[in-house]
Structure formats: structure tokens, C-alpha cells
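Required output: the full structure, derived from the provided sequences and hints.
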Amino acid sequence: MKTRLSKFLSMILIAALIMTGFTGFAGNTKASAAEDEIKVFVTIADDTGAQVVKQKTVEVTDVDEDGAYTVYDALYCAHEKYFKGGAADGFAAEDTEYGLSLTKLWGIENGGSYGYMVNDAYAYNLADPVADNDYVNAYCYVDVNTFSDKYTYFTKRVKSVKEGNMIKLKLCTIEWDYMAGVPNAIPYAGAKITVNGIDSGLVTSKKGYVKVPAAACGSYYVSAVTGDDNIIIAPACVVFVQPLKGETIEVKDKKYTVVKNGKVSTGKKGKVTYSKSANKDKKAPKTIEYAGVTYKVKVVD
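Counting the sequence shown from 1 gives a position; the numbering used here is that position plus 1.
Heads up, simulated DSSO-like pairs for lysine-lysine below, C-alpha to C-alpha not over 27 Å straight-line:
# : residue 1 : residue 2
1 : Lys-246   : Lys-277
2 : Lys-193   : Lys-169
3 : Lys-284   : Lys-246
Simulated from the structure, these hints should not be mistaken for lab results.
Right, dumping it as C-alpha cells:
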């Protein structure tokens, strides 16, 4: 008999909505398809727990032409962009008594043992709406027998700090409060922090916190693995470490000197100078992208 965890979760969610009128799920706000596309950040984990898509930008269109941008659209477009063979080979869904449900994720068919979240909140089904700049996480359960996998997330998905500072992150998991009929965020202690897939040697505290040194400028992908026998759905945080004023940065084999930093949060541009002589008379571009910031380029000789 095939296990269908998504149905089990749907039953819990229905009961919670009826009993409590809770409004903290992902699918409460109606999305509009007034624009041609929106931008969503997607993370996908396979049935080994490996993140096969790591908080990647996906341009989402209204694939099924239902007049809304939905989790279905986001995952379909993510497979079209990142899965070899596209959505036709890697992704499938069907209508069930619990709504539109996954039947294949990243080419894996496991009898319906999947999860999907929007901004780290439970999605009722694939028809739940998504909006511009939302975060969508979809995963195959590793433990398809008892579903012991714990979903984890950092409370910040993107961080921008200056080189030499500390990056403070908090890791949480979600536990269901059966008495109240609502999900609760709980700090996750003892998780091992990875940076660009490498063990950092850092572990989250009892309250879920960890401080990661921003030792060198650039872009980094911070995640975590379990420090015990638990299975976790790994979190994601993209960290942009900004260079200091006067520092030399290198982009596509060309060197620039930072004059002014921009801001990741607002899209404000920074400024760099470019020396032709120091770059062997190579032509300078008008702008460069570095650590999540666009820098305007000024030629100084």
C-alpha cells in the first residue's frame, strides 16, 4: 500500500483550520497573474536529503493558465530550468481529494511522500499561491516509513555583511502542536553548519544560534547537516560578504578597486575604479556584479 504523507498532512491542516481558524499557512493570500512572470527562489531536496537545487532564482509563469501563480507553477518552472529533461521528465502532479498533489519530484516517484513549503510555512497543496520574491522549498522524504525527517530553516534566507564581521544565524525546525492544532517554530540545536558544502566546524547552540565569521569577501551558501541520528531537510541561506573600501576585487580576470559599497537589500549600486594599465589595457565594462551587488565602473587611466 502506497504511503501518501501529503494526504496525511492535508487532513491535519483541514482540522486545524476548522478548529482554530488559524491563518498562518502559506496559502491564505490570493495571487494575481497580472504580470507575465514573477521571480521565486526555489530549493529542492532529493530522496537522499541532498539539495539538488539550492535557493535558485526561477522565473515563474502561469503554466496551467488558472489565473494565479502557484506552487505548481514554481516547481514546474524550476524543473524546466534546472532538471535535465525538463518538467516532462522530472515533475508530475495530479488532482486528488486533497487538491493538486505531487506525484513526481526531481524524477523521483515515491508514492506521494513529499513536502513543500512557502516562506517556511506549510502549503496546503500545489494550488497554493506564490508571490514575487517568495521562497519555495520542496523535498522528498528520506524516511518514507515513519516520516521522521525534520524540516529546518534559517530565520534569514539572505544576509549581507562586511568582510571581517560575524554572520549570526538562527536555525529552527517546525513541530506540530496537536493540542492547539498549529505548527510551532522550535530552535534546532546541535546541527553542523556547512559553508559551500564544507563542514565549518560550527554547531548551533541550544537556542539554535550560530555565528559564522565572514573571513573573505564573496558569495557563500550556508546550510546544515544533522549532528545526531535525526534526518533533517537542510536549510538555506545565501550570504554576501562585501569587500571593504579600497580593497581590490577580481571579476572575470579583471581587477577593480572598491570606492563605495552598494546594498543587497535595496539594490543600491556601489562604485569601483578600473585601471587600464593594471589590467593590461583590457576594455572595462560599465558595471560588474559582485557578492550580490552591482558596481558602477569608473576608468581612472
